[in-house]
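**Q** Take a look at the letters that make up each chain.
2 protein chains.
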Amino acid sequence: MHRFRISSIDQDYFLIDGEELHHLTRVLRLGPGEEILGFDHSGRLWRGAIREINKEQAVCSVIRAEIPETEAKVKVYLIVGLSKGEKMELVIQKGTELGMTGLIPLRTRRSVMKLEGTKAEERVDRWRKIAGEAVKQCGRVIQPAVAPVLDWQDLPAYLPADTQWLIPFEGEKTVSLKACLKSFDPSLPMALIIGPEGGFEPQEVLWAKEKLGAKSISLGSRILRAETAAIAALTIVLAFYGDLG
Amino acid sequence: MHRFRISSIDQDYFLIDGEELHHLTRVLRLGPGEEILGFDHSGRLWRGAIREINKEQAVCSVIRAEIPETEAKVKVYLIVGLSKGEKMELVIQKGTELGMTGLIPLRTRRSVMKLEGTKAEERVDRWRKIAGEAVKQCGRVIQPAVAPVLDWQDLPAYLPADTQWLIPFEGEKTVSLKACLKSFDPSLPMALIIGPEGGFEPQEVLWAKEKLGAKSISLGSRILRAETAAIAALTIVLAFYGDLG
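Those sequence lines, one after another, are chains A and B. To convert, note that position 211 of the first sequence is 213 in the working numbering; the numbers rise steadily by one, no gaps. To convert, note that position 106 of the second sequence is 108 in the working numbering; the numbers rise steadily by one, no gaps.
These are computed hints drawn from the structure, not numbers from a lab. Among the hints, a few may not be true.
The list cannot tell twin chains apart, which means a pair is met if one copy fits it or any two copies do.
Stated by the list, open to error - Using 20 Å as the maximum straight-line C-alpha spacing, the simulated PhoX-like pairs for lysine-lysine come out as follows:
(1) Lys175 / Lys86
(2) Lys75 / Lys175
(3) Lys75 / Lys180
Please build the complete structure, drawing on both the sequences and the hints.
**A** In structure tokens:
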């Protein structure tokens with residue numbers, strides 16, 4: 003069944019407008035009487051029937067609330083060193099499908115792309131749109147939040163104080179991701195800090211260890227590109243706790 | 003240390019030519035006396051010193067054989083329904099980094115792209131080149147083989163008879179990938195059969211079960227794009243057996 007983000011809801015009706023309305027009427031050519039699923043950012047999902055369509059909106063009557071089972075139980079945030087645009091877009095699309103809770107773009111020392119001011123805001127808007135499209139495609143109902151571009155010192159305040167931080171680093175040869183997960187509490191949030199294309203500088207890893215209590219981990223003997231490391235690490239965490247595969 | 007595919011080797015010297023020579027001389031501007039790593043398709047790796055460079059080749063003296071630890075112990079093949087070009091390229095690049103043993107492009111009923119004849123050969127050549135570039139980037143020494151484009155009936159003969167086949171399918175709601183892996187023998191090859199963009203038709207899954215003995219599995223409650231499913235399933239298998247993360 004087709005899914006649409008709704009603009010508002012009361013007890014009996016929900017409304018669809020804007021781009022979602024365009025998609026409903028022009029792309030899918032749905033009309034009155036047809037059943038659809040509506041969702042909002044809160045993670046709630048409703049089955050509804052289209053009652054009326056005008057230029058401004060589609061009015062749908064609520065049939066019943068549906069219980070979505072598409073959200074991972076473990077909360078995993080990806081913190082990704084700024085890399086070239088298409089790599090970040092890939093991570094946001096795949097991360098959303100796989101089940102990440104949120105993503106934070108991070109300015110790092112070796113980030114070639116330095117996003118500031120309105121340019122950063124525009125880029126983040128674009129990334130949020132990509133997350134929104136991926137949410138619909140994969141059947142999720144909660145859109146992972148894409149944070150503004152942050153610096154290292156902004157990280158501690160941005161995520162809950164009990165977050166369990168992990169930083170894959172090629173200088174770490176002994177501790178594996180899976181070994182670390184065994185000692186983690188799956189009821190608390192986790193954050194994976196992934197380097198940019200050129201990797202982290204050792205001082206950055208040291209900072210993460212000292213200020214965030216992050217554990218540096220190895221992803222194995224092959225050198226993964228930044229975007230591959232992000233996708234693989236997220237997959238391993240979600241699969242480890244039974245939220246994927 | 004920089005790594006180059008070698009064209010030939012005897013006991014004391016190895017040679018580098020063609021594009022690899024271009025990369026060595028023009029891109030990296032290396033010269034006599036510098037140490038490099040040479041590898042061939044057999045999985046062997048040598049440390050060598052450049053002795054002489056001419057227009058045709060670089061002659062390097064062998065310092066010692068190195069033992070690569072970059073190959074996964076478990077052999078995992080990806081069999082991927084033909085999807086649009088850039089998706090297959092992404093799977094080949096990421097699959098190589100992550101540690102796949104080989105990839106087979108498969109004609110399926112819902113494959114929009116139908117590759118035949120010389121067009122198929124050209125495309126496979128391109129995919130092999132992508133695998134070759136990824137091998138160098140990630141530090142592997144064995145290049146995953148990219149097979150010609152095959153049809154379903156070609157599969158049984160193409161992989162060893164004791165291959166353990168898995169087919170992620172959205173119609174499978176109960177058996178997870180991880181549950182299946184618990185009963186598999188990691189010393190035998192595994193093959194993950196991944197659908198094209200539109201997914202498999204149920205008859206194809208039935209065929210895989212009957213003719214290959216494939217087990218259909220679920221990757222979880224979110225709908226993954228074809229290329230995401232390939233990358234995630236491969237990651238989960240390699241991580242499960244300790245070959246990643």
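**Q** Hints first: check each against the structure and report whether it holds.
**A** Going down the list of hints, with the structure as the test:
no.: 1; hint: Lys175 / Lys86; result: neither (27 Å within a copy, 38 Å between copies)
no.: 2; hint: Lys75 / Lys175; result: between (30 Å within a copy, 18 Å between copies)
no.: 3; hint: Lys75 / Lys180; result: both (18 Å within a copy, 17 Å between copies)
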